[in-house]
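If you're matching them up, the sequences are chains A and B in order. Quick note on my numbering: the first sequence kicks off at 192 and runs consecutively. Quick note on my numbering: the second sequence kicks off at 460 and runs consecutively.
It is possible that some hints are incorrect.
[As the list claims (entries may be wrong)] Computed cross-link-like contacts, EDC-like style, restricted to lysine to aspartate or glutamate with a CA-CA straight-line distance of at most 16 Å: (1) B:Lys648 <-> B:Asp627; (2) A:Lys393 <-> A:Glu745; (3) B:Lys624 <-> A:Asp450; (4) B:Lys648 <-> A:Asp450; (5) A:Lys393 <-> A:Glu773; (6) B:Lys777 <-> B:Asp765.
None of these hints come from the bench; they were simulated from the model.
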Amino acid sequence: MNERPDPREYLRDGPDLTGAELDRRLTETWRDAPGFIGWLCSVDHKSIGRRYLVTAIVFLSLGGILAALMRLQLSGPNHHVLSPDRYNQIFTMHGTTMMFLFAVPVMDAMAIYLVPLMIGTRNIGFPRLNAFSYWMYVAGGALLWVAFVVNVGPDAGWFSYVPLSGPQYSPGKRVDVWAQMVTFTEIAALSVAVSMTATILKQRAPGMTLARTPLFVWAMLVVSLMVIFSMPAVALASSMLMSDRLVGTHFFNTYEYGDALLWQHLFWFFGHPEVYIIFLPATGFVSEIVGAFSGRQTFGHTAIVLALSATGLLAFGLWVHHMFATGLPRMGYAFYTSASMAVAVPAGIQIFCWIATIWSGRPRFEVPLLWVVGFIVTFVIGGLTGVMLASVPLDLQVHDTYFVVAHFHYVLIGGAVFPLLGAITYWFPKMTGRMMSESIGRWQFWLSFVSFQVAFFPMHILGIEGMPRRVYTYPASMGWGTLNLLSSLGAVLFAVSVVVFVINMIVSLRSGARAPANPWNAPGLEWATSSPPEPYNFAHIPVVRDSTPLWSPELTFARGLRVEDRELVMTTVLEAKPDLREPSAQPTIWPLVAAAATTVVFIATMFTPWALAIGALPVAVALTAWFWPKDRGPEGEPVID
Amino acid sequence: MRRLLPLGALVLLAGCAGIQSSNGRDGTHGALIGGLFDKFLWTTVVVYLFVMVLLALAIVHGRDNRRGNAGLQGEPPVEAEHGWRSGLTAFAGATTLILAVLAIATWFTDRSLARASANPALEVEVTGNQWWWDVRYKDPVSSYIVHTANELHLPAGRTTRITLKSVDVIHSLWIPNLAGKQDLIPGRKTALELHPLHTGRFRAQCAEFCGMQHAHMALDVSVDDPQAFSTWYAAGLKNPPIPTGGQALAGYLLFQTLQCSSCHNVSGTPASGQIAPDLTHVASRRTIASGTLPANHDGFAAWVQDPQQAKPGNHMPKVPLSPAELAAVTAYLETLR
Chain A
192 MNERPDPREY LRDGPDLTGA ELDRRLTETW RDAPGFIGWL CSVDHKSIGR RYLVTAIVFL
252 SLGGILAALM RLQLSGPNHH VLSPDRYNQI FTMHGTTMMF LFAVPVMDAM AIYLVPLMIG
312 TRNIGFPRLN AFSYWMYVAG GALLWVAFVV NVGPDAGWFS YVPLSGPQYS PGKRVDVWAQ
372 MVTFTEIAAL SVAVSMTATI LKQRAPGMTL ARTPLFVWAM LVVSLMVIFS MPAVALASSM
432 LMSDRLVGTH FFNTYEYGDA LLWQHLFWFF GHPEVYIIFL PATGFVSEIV GAFSGRQTFG
492 HTAIVLALSA TGLLAFGLWV HHMFATGLPR MGYAFYTSAS MAVAVPAGIQ IFCWIATIWS
552 GRPRFEVPLL WVVGFIVTFV IGGLTGVMLA SVPLDLQVHD TYFVVAHFHY VLIGGAVFPL
612 LGAITYWFPK MTGRMMSESI GRWQFWLSFV SFQVAFFPMH ILGIEGMPRR VYTYPASMGW
672 GTLNLLSSLG AVLFAVSVVV FVINMIVSLR SGARAPANPW NAPGLEWATS SPPEPYNFAH
732 IPVVRDSTPL WSPELTFARG LRVEDRELVM TTVLEAKPDL REPSAQPTIW PLVAAAATTV
792 VFIATMFTPW ALAIGALPVA VALTAWFWPK DRGPEGEPVI D
Chain B
460 MRRLLPLGAL VLLAGCAGIQ SSNGRDGTHG ALIGGLFDKF LWTTVVVYLF VMVLLALAIV
520 HGRDNRRGNA GLQGEPPVEA EHGWRSGLTA FAGATTLILA VLAIATWFTD RSLARASANP
580 ALEVEVTGNQ WWWDVRYKDP VSSYIVHTAN ELHLPAGRTT RITLKSVDVI HSLWIPNLAG
640 KQDLIPGRKT ALELHPLHTG RFRAQCAEFC GMQHAHMALD VSVDDPQAFS TWYAAGLKNP
700 PIPTGGQALA GYLLFQTLQC SSCHNVSGTP ASGQIAPDLT HVASRRTIAS GTLPANHDGF
760 AAWVQDPQQA KPGNHMPKVP LSPAELAAVT AYLETLR
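Looking at chain A on its own, in the form it has when it is part of the complex (with noise of 0.2 Å):
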């Protein structure tokens, strides 16, 4: 054995070595290695973010552009511009692609670039399993598409309903390609959760007590929370419903003792945290705008983060408002009309604490501030619409309906999406060192704000007016022609506006102005570092004190990590006292071989399940090299103070 190094022979950022010295060395150790094979080892958590960004913007426009075809083929009554065949494929990768593809996907792509960033370290935790579950999320993606494209996209609705998606009801492959792409955005999601739970526990800035945590890394906790509670509920749902087709289980067989309504359950009870885990970060998005357009801490931080909590508690025990009309047992129905309604107080609260937030400070009404108030307008119509959803004879009569269409529209595009689009205005200028375009910006707000209301108001009228949901046509008799073609037009006017955004961000990146560090005067310390920051983030860990570092007349900087190896601080949960220094791990190629060899798997089962077992090897042979250790490396020691 070799004797071990004093530790005080290592080089450390420190008294003597900063600035250009420093930054040198530091990008010679965290820089991705140049060329298209660096760039697939990347384990970088801005790269693995930025990725994902992308993806997901890919993944909405094509999901856009599925709704543009539905409404092309329902503004009007008897339309033939679809086959009922395709039409029902559309509106199910419609969904499926924006809830497993766009919109979980664009949190975490959202999260993995900014969270290391907001608490002040170096790279996120697990980096490898973070890259590995963006070759996931892109195979998943691949192989929904991929099937669509050649005829065997998925067409049982993105909830799958058992019989319909079973081995009777459904043969051919294309179910099996939506269990398939469920198990690997699964995967995706679950290890982008654990990553971001260690991260946002162990790997604070010194100083950064939970308390003074932003708000969006709390959102970020609670979901990875959830999504480590809700996903394995679908895991096990597609599992089964993947044997039922291809081993002839009979899990969800009647006529063999199987139940319907099992599937129902399990995959509502990931359904709904879902929801949350898609709002929940936009109202960490927005938490973080408010506070810094309007000059001062966002009021009522510990009354947001209990709401979050609390929100992330219900979202556990409402899924079977769902099934409302399943035919369960009335009393138990009451229990879950309360918990769905009692999520509209955690809701208020953080309304409440926004408007005062505004309605306290200074606001700037910049393009990311007008997203917000944009969103308070539209959301609470979602959200009122919840409430009646929640009421059981309420929704007996408007479930499955276009009222419930325009709902969830409110809530997901209105309460996550526009927040989505001022969060990506307001860090673009870090990601990318640019600006977006005021101008443009403000023009397209507008557009889309006004355009959305034209396309999913009317959808509540509709819905009251009789029209179900996931029909490919309806008779010229109904009436429902007129509103259609009003929400059709306004469809199209909304699918420009985002058009227009990604042409925005595309220009911008081009001749965007040159962004400063903290173009906005904001107060967390992602604006702390350079923009786009170098790949190590800091040249010097922060030192917080307060809830709002950069608004303090001095930033404060630890020193000490080891310069020529990537070395990270890990903080106590509660009160992040400095505990170790860790290493992080250096880029590799394996978790892309590694998701490859799973894919390859996952591809197969579809057609034998001798794939599980000839495919585990290569996926073995996969992971042993990952976790090979060909080099020591740091290791883990005390901080030395």
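Since chain A is already given, all that's left is putting chain B on it; use the hints.
Same frame as chain A, but now just chain B:
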């Protein structure tokens, strides 16, 4: 404010609801739910306006702060926010209170719905199929059972209990003018009670996605006065006469000898298939193929000529017929009154 206009329109629409509208309120259940809907609608409108006023005031006040360099900056001291914290507590308390009131109103409506469902005078069994409704009026004496498809006749002012079953996938029966929806789940029995307040013709539609032709799975609902209902019921127990000559007889013979009779039932004839809609009185209905085409000469002709034209993917195969054969079968179907 733009959003208020549609809200107003929504209220106006209540006065001119269609044949498939939850604003119809033509049954006791539908009316009870409608009443609850109004309470929720007005409560939420008031709450929404209140939040919007708060937001507008916040924007105005914030702008003033900015101009006058007033307001709070950075991390405000605890004392400075005392009023806001009280406001938050009041807001959360008021939210909880309003929600509690709405939950209690829900509970009372639920009890009323249960009372309106008690002591049914009539029992019907509706079975969901991809993509049509099988309807069977229950009676202890089997010769008093009326069997039909895609139509539901109900007596006004009486409670009917509908037992719901499915032979394939999950469907959902929704007659919005009369009541809320109820799923039909294979392997389970569910029930839906209806108490129509007056006569009328309504339309129901499957509300749970059930495959390719989910969009064409309607049920024609007639609420008759009890006298007319009895007349209809009595007619439903009789077998239609077998044609004695002409095109109709030729059509009858084709119907019995081609594939038709292996799936469809026409009582009083050898055709006794049980896997497709009962056609005994098909010409007395208003629509065929679950509301897809009218039940008249043109509708029958178009459907029999190519069932995949109007409702692609449905389970009835195209039976190749010469024009003369098609005319004969159509003529026969028209006699099934």
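These are the hints, each one checked on the structure:
1. B:Lys648 <-> B:Asp627: Answer holds: B:Lys648 to B:Asp627 is near 13 Å, not above 16 Å.
2. A:Lys393 <-> A:Glu745: Cα-Cα ~25 Å, so violated.
3. B:Lys624 <-> A:Asp450: Holds, at roughly 14 Å.
4. B:Lys648 <-> A:Asp450: Judged against 16 Å, a Cα distance of about 13 Å means the pair holds.
5. A:Lys393 <-> A:Glu773: holds (10 Å)
6. B:Lys777 <-> B:Asp765: holds (5 Å)
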